[in-house]
Each structure stands twice: as C-alpha cells, then as structure tokens.
Amino acid sequence: MGLINCVIFDCDGTLIDSEKLCCRAVVNTFKQVGIELEFDEVQRQFVGGKVADILSHYKSFSGCQVSLDMLEPIYRNETAHLFAHYLKPMPGASSLLDSLTKQGIEYALVTNGPTSKTESLLSMVGLLDKFRGKIVSAFDANSWKPEPDLLKYAIMILGFVPDECIYVDDTKKGVEMGLNVGIRTVHFTLNKEIPESELCVVCSSLDDVGHYISEVSARCGGVLLNESEE
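Taking UniProt numbering, I'd label the letters of the sequence shown as residues 1 to 230.
For the record, the hints were derived by calculation from the structure and aren't laboratory data. All values derive from a computational prediction rather than experimental measurement. Please note that the accuracy of each hint is not assured.
[What the hints assert, rightly or not] Label pairs and their in silico Cβ distance ranges: (1) Phe-39 to Arg-219: 40 to 46 Å; (2) Gly-104 to Leu-128: 17 to 23 Å; (3) Lys-31 to Cys-220: 21 to 27 Å; (4) Val-33 to Glu-196: 35 to 41 Å; (5) Gln-43 to Asp-129: 37 to 43 Å; (6) His-81 to Lys-173: 24 to 30 Å; (7) Asp-98 to Val-33: 23 to 29 Å; (8) Asp-53 to Lys-134: 23 to 29 Å; (9) Ser-120 to Ser-205: 21 to 27 Å; (10) Val-161 to Leu-128: 40 to 46 Å.
[Claimed, not checked] Derived DSSO-like pairs (lysine-lysine); straight-line CA-CA distance at most 30 Å: (11) Lys-172 to Lys-130; (12) Lys-59 to Lys-130; (13) Lys-31 to Lys-20; (14) Lys-134 to Lys-117; (15) Lys-31 to Lys-102; (16) Lys-59 to Lys-31; (17) Lys-117 to Lys-20; (18) Lys-130 to Lys-173; (19) Lys-117 to Lys-50; (20) Lys-50 to Lys-20; (21) Lys-130 to Lys-152; (22) Lys-59 to Lys-102; (23) Lys-102 to Lys-50; (24) Lys-31 to Lys-134.
Where a beta carbon is used, it is the ideal one built from N, C-alpha and C, also for glycine.
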C-alpha cells in the first residue's frame with residue numbers, strides 16, 4: 001500500500017466526544033420508566049448505530065417491556081439536552097485536521113446518522129467548517145456499518161482508491177467495515193485491544209493517529225506531519 005492521500009473519520013466517539021453522553025442518555029431514559037441501569041455497564045456494551053437498535057439492545061438486556069415508541073422520544077430529549085450542555089470535540093481533533101490540511105492530505109467523514117444531524121453536532125463543537133461538503137451518510141449510500149458499501153461509496157465519490165486511504169473509527173462495527181473494504185484501519189480506543197488484522201492499528205489518542213500517519217508517510221516517501229508544523 002502506498003502514500004496516504006485521504007483520511008476518512010467516523011464522527012461519534014472519534015472526532016466528537018459524544019458516546020459517554022449517549023450512554024448517560026440511555027441510563028436517564030430507562031430511569032424515567034423505572035429501570036436502573038449502571039452507567040459503566042451501559043458504556044461497556046455500547047456499540048452505537050441507529051437509535052432504535054441502541055434502545056432495543058438495552059430493552060433486551062434489562063427486560064424492559066416499555067415500547068420503543070415511548071422510549072425513543074425520551075432518549076432523543078435526553079441526548080439533545082446533554083449535547084447542548086456538554087458536547088466537546090475529542091482532544092486533538094482540530095489540530096490533527098489542520099495538520100492533514102497542511103500536508104495536502106484530504107479528509108472526510110462517514111456516519112451511520114443523517115447528514116443534518118452530523119452537521120448539527122459538528123457545529124456544536126466548532127468543526128463544521130472543516131467538513132463542509134465532506135460528510136457521507138449511510139443514508140446516501142443506503143448501507144450501514146459494518147457493511148463495506150458505505151465506505152466504498154465514500155472513497156469513490158471522494159475520487160480515491162482504497163490503497164490511498166486510511167479509516168479511523170472507535171467502534172468494532174466501524175473497524176469491521178474498514179477491514180471488509182480492505183483498507184488500512186485505525187481502531188481508536190482507550191482499551192488495550194489486539195489489532196484484528198495486519199491492516200489494523202490500535203491508537204489511544206488522535207495524537208497517536210497523527211503519529212501513525214506520519215510513520216506511513218515517511219515509509220512511503222512523504223513528509224512527516226509534525227514537520228509541517230515547525
């Protein structure tokens with residue numbers, strides 16, 4: 001595989017520190033219908049995805065008999081409140097994107113959510129201007145993680161081939177999608193995960209992601225990211 005010309009990011013939990021807030025929203029939602037869930041357990045099991053899938057998982061886990069039609073508006077209200085007050089970008093997100101720009105490396109974002117929702121979240125944390133015209137939604141591709149077509153579609157419309165790209169995601173579904181496409185994939189996680197493939201690298205911070213891109217660029221004859229900032 002050659003030089004990196006494009007880095008494709010997941011949004012929630014990768015560029016935006018939203019997943020802890022989503023887990024808190026799950027706890028608050030079920031508490032309102034009389035079910036106590038432990039935050040740590042909710043976070044351990046959290047895999048993201050569609051709201052209905054998230055709530056269905058915890059309904060099954062807790063034995064909750066309350067309908068999704070009742071739970072979903074509660075959850076959406078909880079997430080809206082938490083996001084409005086506590087949503088932040090992941091540490092190092094803005095500086096990494098700036099470094100990529102300085103190197104002439106394109107970047108984009110893929111998400112299972114609707115584009116309008118993603119734009120709203122990016123706006124809340126001051127990253128929207130960096131991603132105008134660079135958001136690819138599963139609703140555009142009619143394909144959701146871990147199926148590969150979402151990422152394949154994004155690579156195609158961006159004008160690259162898989163060998164030029166790196167995909168960064170914090171979820172196992174996302175990592176699976178990247179590996180299903182056969183591209184270099186960064187599993188962004190605080191846990192001590194074992195890489196699932198020789199194509200997969202585990203990074204615990206966005207700074208580490210930047211260092212990895214620098215190493216690949218150096219091996220392929222490119223310029224180190226940190227050299228552009230001197």
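- Task: Could you tell me which of the numbered hints above are not met by this structure, giving the numbers in increasing order?
- Result: 3, 5, 7, 10, 12, 15, 22, 23 and 24
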